[in-house]
Amino acid sequence: MKELSNSVCIVGVDESDEIGIVPHKSQLTLQMEAIRNATRDAGLEIADIDGIFAPGGVDTANQHSPAVLAEALGIIPRYVDGTGLGGGSFMIMVGHAIVALYHGLCDVAVIAHGESGRSRVGIAPRCINKSLSGQFEFPYGFGHAPTYFGMITTRHMHEYGTTLEQWAQVAVSTRAWAGLNPKARFREPITIEDVISSRPICYPLNLLNCCLVTDAGGAVVLTRADRAKDCVKKPVFVKGAGEAAEHLMLTQMKKLPFSEATRVSGKKAFTMAGVMRSDIDHLMLYDNFTSAPPLMLESLGFAEPGEGVDFFAEGRSTPGGSLTINTNGGGLSYTHTGMYGIFAIIETVRQLRGECGERQVPNVNLSLVNGMAGMFSAAGTLILSDQT
Amino acid sequence: MEGLNRPLPHPITPETQPYWDGLKKHKLMLPNCEACGPFFYPRILCPKCHSPNLTWIEASGRGRLFSFEIAYQAFNPEFKIEPPYILAMIELDEGPRIMSNLIHIKPDPMVVKCDMPVEVVFEKLTEDITIPLFQPAKRIGGRLV
Ligand SMILES: [Zn+2]
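So the sequence lines, in the order shown, correspond to chains W and R.
With my numbering applied, the first sequence corresponds to residues 1 to 388, in that order.
With my numbering applied, the second sequence corresponds to residues 1 to 145, in that order.
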């Protein structure tokens with residue numbers, strides 16, 4: 001595992017031409033724009049791509065399949081990966097890509113996403129694995145993300161005394177970052193009171209505790225470190241990568257509200273990277289709901305159980321704070337198509353390159369990006385750096 | 001189906017049929033590993049020791065509200081119960097956790113509390129399908145019965 005560390009670089013990242021509400025473009029167009037833009041960002045051609053990674057699991061009706069993208073681009077990749085576990089699949093696929101690239105199974109890997117999550121142009125309804133949820137969850141009214149994530153959140157509040165105000169602080173901090181990101185969907189500052197008084201969706205989650213639903217594409221291009229020197233932008237090294245999967249249904253989550261999958265994934269990433277938590281300069285934590293980032297901090301070992309919310313207190317995570325988190329405005333305020341993970345990786349790379357303009361965090365050399373797939377069902381963790 | 005206010009469990013598989021057969025007779029049946037005890041949901045190997053030596057036991061129907069949510073809107077077009085309603089994760093006294101609804105209590109976070117004792121209520125949906133719902137455990141003279 002150690003020999004994989006620093007062997008591969010992210011050399012290209014970008015979104016689709018437009019993100020947010022894009023009713024005049026199909027999902028396939030969002031995917032293709034993102035791939036073209038990220039490839040251009042790397043100084044490569046689409047014809048150079050010989051590895052396609054896209055979350056083509058059955059739960060998305062194969063609409064994200066690597067075969068769909070190969071067909072659309074008119075290329076025949078010699079390496080494909082369709083790991084489709086949910087929104088954190090992209091972090092997991094970076095881990096898979098470094099193995100494939102290291103062994104020469106492909107030379108230029110693209111990890112791609114595009115989803116017409118809001119406008120639903122050229123997209124079939126999401127189908128869910130009904131064989132278990134259909135028997136044991138749907139008859140009681142479960143079915144959409146808030147009906148699951150609230151369950152984790154309520155238990156955390158019971159065990160640790162976490163308050164609605166503390167979760168709200170996550171939304172406030174993330175919105176402050178969105179205010180500095182011209183691509184963010186919502187940029188007006190909000191207050192804790194705004195979150196607490198926003199429309200109740202599913203207690204303990206109000207509207208402003210929930211991520212957006214948008215249309216967007218995003219892609220990441222990787223190649224081996226020796227080849228990365230020839231790319232146009234400063235290469236970003238994958239120092240560590242981890243992944244794990246635990247459950248599909250929340251009743252099977254062993255230590256709820258603690259995520260074992262996240263713990264295992266994070267531990268693997270840190271071991272491979274050979275760095276300490278205290279070395280990390282910047283964090284990107286998948287925020288489908290306000291409670292997700294604090295719970296990740298606990299499961300990743302940055303905070304004791306119950307203390308993840310402290311990272312968002314007193315401006316610590318906000319612009320100018322001591323440990324900045326979700327600097328693009330996150331799934332809560334920047335964009336969330338349905339599978340946000342790719343966008344968190346894109347922001348991490350931009351911060352490490354120093355491309356973030358007004359929201360650039362000074363002296364970012366080591367960043368951790370953690371993805372959640374499903375409702376903590378699976379996890380993928382990356383530790384990225386601008387140096388070996 | 002016409003007239004139903006919630007989706008029927010679907011698709012029921014051969015491995016889970018005894019669970020649904022039990023509910024029809026107002027018995028909450030759990031798969032049970034001879035070595036490790038009961039678990040949920042029904043499957044062919046014990047999730048702890050992977051033994052195939054499994055039997056069925058009848059649960060007491062008692063447990064605690066492990067966690068909950070209060071839904072203020074419908075999240076599934078087939079689920080037609082008027083919001084607000086309580087989505088519940090129940091931890092049965094026998095150990096396994098199951099999803100359900102908590103009924104016969106005000107859907108208010110000031111009233112509903114994690115770890116409150118609950119008991120099963122069998123809700124017949126069709127001739128073939130009965131589902132387990134839960135209500136606050138009854139107390140007589142301050143004691144749970
Ligand atoms: Zn066993």
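The set of hints was computed from the structure by calculation and includes no laboratory data.
The structure presented is a predicted model; accordingly, all values stated were derived computationally and were not measured.
Take the hints with a grain of salt, since some may be wrong.
Said to hold, decoys possible - If you want the ones that stay clear, here's a sample from chain W, every Cβ over 12 Å from chain R, calculated:
1. Ile46
2. Asp50
3. Glu137
4. Gly306
As the list claims (entries may be wrong) - The calculated lysine-lysine pairs, modelled on PhoX-like cross-linking and capped at a C-alpha distance of 20 Å, are:
5. W:Lys255 <-> R:Lys48
6. R:Lys80 <-> R:Lys106
7. R:Lys25 <-> W:Lys254
8. R:Lys124 <-> R:Lys25
9. W:Lys130 <-> R:Lys80
No residue lacks a Cβ here, since even glycine has one placed at the ideal position from N, Cα and C.
Right, here's what the structure says about each hint:
No Cβ of chain R comes within 12 Å of the Cβ of Ile46 (chain W); the nearest lies about 40 Å off, and the non-interface call holds. Every CB of chain R lies more than 12 Å from the CB of Asp50 (chain W), the least distance being 40 Å, so the non-interface label holds. Remark: the non-interface label on Glu137 (chain W) conflicts with the geometry, its nearest Cβ contact in chain R lying 5 Å away (cut-off 12 Å). The claim that Gly306 (chain W) lies off the interface holds: its Cβ sits roughly 14 Å from the closest Cβ of chain R, which is beyond the 12 Å cut-off.
The suggested pairing of Lys255 (chain W) with Lys48 (chain R) holds, with an alpha-carbon distance near 14 Å, which does not exceed 20 Å. Taking the CA atoms of Lys80 (chain R) and Lys106 (chain R), the gap is about 18 Å. The hint holds against a cut of 20 Å. With a CA separation close to 30 Å, the supplied pair Lys25 (chain R) and Lys254 (chain W) exceeds the 20 Å bound. Of the pairs offered as hints, the one joining Lys124 (chain R) and Lys25 (chain R) holds, with about 10 Å between alpha carbons and a cut-off of 20 Å not exceeded.
Distance restraint check for Lys130 (chain W) and Lys80 (chain R): the Cα-Cα separation of roughly 19 Å lies within the 20 Å cut-off, and the hinted pair is therefore satisfied.
Consistency with the previously given hints fails for numbers 3 and 7, ordered from lowest to highest.
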